[in-house]
Structure formats: C-alpha cells, structure tokens
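J.: Work out the full structure, taking the sequences as your base and the hints as a guide.
From first to last, the protein sequence lines stand for chains C and W. Counting with the numbering used here, you get residues 1 to 250 for the letters of the first sequence. Counting with the numbering used here, you get residues 1 to 136 for the letters of the second sequence.
One or more hints might be untrue.
Claimed, not checked - A short list of chain C residues far from chain W (calculated; beta carbon distances all over 10 Å):
(1) 17
(2) 33
(3) 43
(4) 115
(5) 128
(6) 189
(7) 200
(8) 202
(9) 210
(10) 214
(11) 228
(12) 240
What the hints assert, rightly or not - Cross-link-like lysine-lysine pairs, in silico, DSS-like; alpha carbons within 27 Å at most:
(13) W:95 with C:231
(14) C:119 with C:231
(15) C:236 with W:95
(16) C:119 with W:95
(17) C:113 with C:125
(18) C:113 with C:219
(19) C:219 with W:136
(20) W:87 with C:231
To be verified - Distance ranges between label pairs, derived from CB positions:
(21) W:101 with C:136: 15 to 21 Å
(22) C:57 with W:118: 44 to 50 Å
(23) W:122 with C:57: 33 to 39 Å
(24) C:168 with W:58: 49 to 55 Å
(25) C:30 with W:114: 44 to 50 Å
Read the hints as simulated data drawn from the structure, not as lab findings. All residues carry an ideal CB built from backbone N, CA and C; glycine is no exception.
So the chains spell out like this:
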Amino acid sequence: MPESKRIEIQVLRYRPEQEDVPVWQSYYVPFTDDMSVLQGLQHIKDDIDGTLSFRWSCRMAICGSCGMMVNGIPKLSCQTFLRDLLPGPVRVEALSHFPIERDLVVSVEPFVKKLESVKPYIIPKKPRSLDQGEYLQTPEQLEQFEQFSSCINCMLCYAACPQFGLTPDFIGPGVLALAHRYNADSRDGGQAERMEIMSTEEGVWDCSAVGYCSEVCPKHVDPANAVNQNKVNSAKDYFLRFLSPKGASK
Amino acid sequence: MNARAGVRRPYVRSMQGWWRRDPFFMAYMAREMTAFAVAIYAVVLAVGVMRLAQGEAAWNGWLAALRSPGSILLHLVLLVSFAVHAKSWFEIMPKTMPMMFVGGRRVEASTITRTGWIATLVVSVLMFALTWWWKK
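T.: This is the structure in structure tokens:
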C-alpha cells in the first residue's frame, strides 16, 4: 500500500450547549484518490472526533442529505472529491443561508413547510378510473417538466440564493422548481391552487434572477428557469383577469 | 450536567457583505449596476431632445457639452457598461424565458444567448454605419 496522503479539513463547528458562535476546527485526514469530502468527514467522526455532526445517507448523489459549503461553494459532499481540492486545506461549513442547528446540520423545517404548501404531486383535472387506461404524453409535453422532476431536495440552490438569505420567507428556487414541475405536467390540474402561493411576493417575485441556483444544482434542474417562467405565468394571471370574467373570481 | 444540553439554539449567520463572497455574486452585482448606466444614458439623450426643442443655440450648446473631456470619459465608461450589460443580460436570458421548440426540438440556452449577442452586434454596427453616413 502506498504511503498514505494527508489533507487538512477545517470544519465550522457549532455546539449550542458549548459555543455562542461557530468556531473553526482543523482535522488532518489520511485520504486516497477515491475519497469524497463526505468520507473525509466520516473518517473524522469514526476515528478522530465522534462529536462531529453531519447528515448523510446514500453516498451517491441521490438522497440530497449531505449538502454543505465546501470551500465556500454549495456542494453535495459525497460528490466532491478530496483529490480535486489538493493541497487543501478544505473548508467545510453548513449550507449558507440556513440557521445552523449543530455543526454541519441546518434547520430544514421551513423548507419542508414550503414544499408541502405548493402541493408537489399531481392533482388530476378530473377523477380517472383504471379502465380509462394510462395517460399519454408527447415527448414535447414530457420535456416541459422532465428536468424539474430531477430535484432531490438537497437545498444547494437555497445556499446559492442570496435573496433567500436576505428574505428567509422567500419560497425559494427548489420548491418553486417542484411546483413548476407539476404545473407544467399535462396530467395536472392544480396550477390555479399553486399559483395562489407562487404569485405572491414571497413566491416568484422575490427572485431577482441571480441565476446561481441553476449553476450549483447537482441534478441540472435549472430552478432559475422554473421560477422565471412563472413570473410570466403570474403576470399573465394578473393582467388576463381584466379580460376574462372567469379569471376575476375563484 | 450542562444546563444548555439538549436545548435548540439555531445560529443564524450574517448576510453582511454577501455579494463579495463569490465571484458569481460580484458578476451579478455588476450586471445589475449596468442598468444605472442605461438610465444615465437615457437622461443624456432626453436632455438632448429637450435642448433641440429649445432652439439652435441650446442644441449647439448640448453638442459642445458632449465634446468636453468629462463627457467623453463618461461615454467611455457608459460604453463599457453597455457591453457588460449586453453580454450578461443575454447570458441570463434563456433562464427567464419559457422553453422554445423549433421542429420539435428544444432550443439550447447557448443558442438563445448567442442570437442575442449577434443581434446586438448587428444593430450596433448598423447604427454606427447609419450615423457615419448621415454625418458625411
């Protein structure tokens, strides 16, 4: 076995029972070329300091649990490799713009509440029985929502969104992308319900098109596009109600 | 036992100086700032129209003011700002539009951006040629 390489990992620690403000702590971790940042943290927890807290689950960029700031950039730590960060030190911090619960663990309740509020599931236009068979969609209808359905709720886009940091009530890129994923689905009839939330100030209109959300998304969802398409939809709703009597009432 | 153990005290980090944290945010702020350059140039042109309505002397005064070193410097700054404006806004444009389909295929974001840049270039060259020809 070759001589083991070492890299310094600096972690922003916050233990509410111990510290009033977060502090940086350094660890020296032996690593191999195939080791991710997450594996580095797991080494720290298993062999150096068992008090370190962080979330993780699948280790293959699909569960969305292990998002954190790596050298200041929102990343899935399982998908970010130590070999690409040589010679170090690697600075690891809880996802930006979220309150820190402990170490690398952030508060997610407001995000989950927002996600629930937009009803992220298909609301059929009218009930459909099994004997009516499956829904059919053209490739173009599929393309309208397919990329947005890749969201894994990792919240990296929130850590990339200064508008969310400045206005924590902003529904934010990820949830708006998922709302759009259903609005844009030809099988869905729930757009009017979702637009009530999406058309508010805290909905699409808090977005100022920074666009970094789409850059950091590990699943190429392009939330900025979903949000901005719905500025168009929201504006259409607003102006068309003057033309259509149906649009003015619920 | 520590009296604070088990008590939740979520820590909220400050947003102060957020736009200096990432080159992407600085580019975003630069893009937004160029909107002021557009506003300033709109005022310069509006003043020109106003002076034109006030008669020949006023109009010639405005033209002379445009030739002053301060004005030339301002115009150079505005020109650079307009270039950044055109470049950065067309970069973000594909994200702000509904999906476009041509012949059943989605138009790539890079195609939309490049079309915007080419249109800007063509219109700019045409305007330049037109004023050049007019001056002669």
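J.: Evaluate each hint against the coordinates.
T.: Do the hints match the structure? See the list:
Its beta-carbon lying about 4 Å from the closest one in chain W, residue 17 (chain C) breaks the requirement of being farther than 10 Å from that chain. Residue-level check passed: residue 33 (chain C) sits 28 Å from the nearest beta carbon of chain W, beyond 10 Å. Separation of residue 43 (chain C) from chain W is adequate, the least Cβ-Cβ distance of about 25 Å exceeding the 10 Å criterion. With a cut of 10 Å on Cβ distances, residue 115 (chain C) stays outside the contact zone with chain W, its closest approach being about 19 Å.
With a least beta-carbon separation of about 26 Å from chain W, residue 128 (chain C) lies farther than 10 Å from that chain, consistent with its non-interface assignment. Non-interface call for residue 189 (chain C) relative to chain W: holds, since the shortest CB-CB distance, roughly 20 Å, exceeds 10 Å. With a minimum CB-CB distance of about 19 Å to chain W, residue 200 (chain C) clears the 10 Å threshold, and the non-interface call stands. With a least CB separation of 17 Å from chain W, residue 202 (chain C) remains clear of the 10 Å interface cut-off, as annotated.
With a least beta-carbon separation of about 5 Å from chain W, residue 210 (chain C) fails to lie farther than 10 Å from that chain, contradicting its non-interface assignment. Distance check for residue 214 (chain C) against chain W: the nearest CB is about 6 Å away, which does not clear 10 Å, and the non-interface claim fails. Not every beta carbon of chain W lies more than 10 Å from that of residue 228 (chain C), the smallest distance being close to 4 Å; the non-interface claim is violated. At roughly 16 Å from the closest C-beta of chain W, the C-beta of residue 240 (chain C) stays outside 10 Å, upholding its exclusion from the interface.
As the CA atoms of residue 95 (chain W) and residue 231 (chain C) are separated by approximately 11 Å, the hinted pair is consistent with the 27 Å bound. Between residue 119 (chain C) and residue 231 (chain C), the direct Cα distance comes to roughly 19 Å. Compliance with the 27 Å bound is thereby established for this hinted pair. Among the hinted pairs, residue 236 (chain C) with residue 95 (chain W) is consistent with the structure: their alpha-carbon atoms are about 18 Å apart, no more than 27 Å. Between residue 119 (chain C) and residue 95 (chain W) the CA atoms are separated by roughly 24 Å; this keeps the pair inside 27 Å, and the hint holds.
A distance of roughly 25 Å separates the Cα atoms of residue 113 (chain C) and residue 125 (chain C); the hinted pair therefore holds under the 27 Å criterion. With a C-alpha separation of about 22 Å, the suggested pair residue 113 (chain C) and residue 219 (chain C) falls inside the 27 Å cut-off, and the hint holds. For the suggested pair residue 219 (chain C) and residue 136 (chain W), the alpha carbons sit about 57 Å apart, so the restraint of at most 27 Å is broken. Between the alpha carbons of residue 87 (chain W) and residue 231 (chain C) the distance comes to roughly 22 Å, so the proposed pair stays at or under 27 Å and holds.
Range check, residue 101 (chain W) to residue 136 (chain C): about 19 Å between beta-carbon atoms, so the 15 to 21 Å window is met. Restraint check, residue 57 (chain C) to residue 118 (chain W): a C-beta distance of roughly 47 Å satisfies the suggested window 44 to 50 Å. Distance hint for residue 122 (chain W) and residue 57 (chain C): a CB-CB separation of about 52 Å, inconsistent with the stated range 33 to 39 Å. For the pair residue 168 (chain C) and residue 58 (chain W), the beta carbons lie near 53 Å from each other, so the given range of 49 to 55 Å is met.
Taken as a hint, the range 44 to 50 Å holds for the pair residue 30 (chain C) and residue 114 (chain W), whose Cβ atoms sit roughly 47 Å apart.
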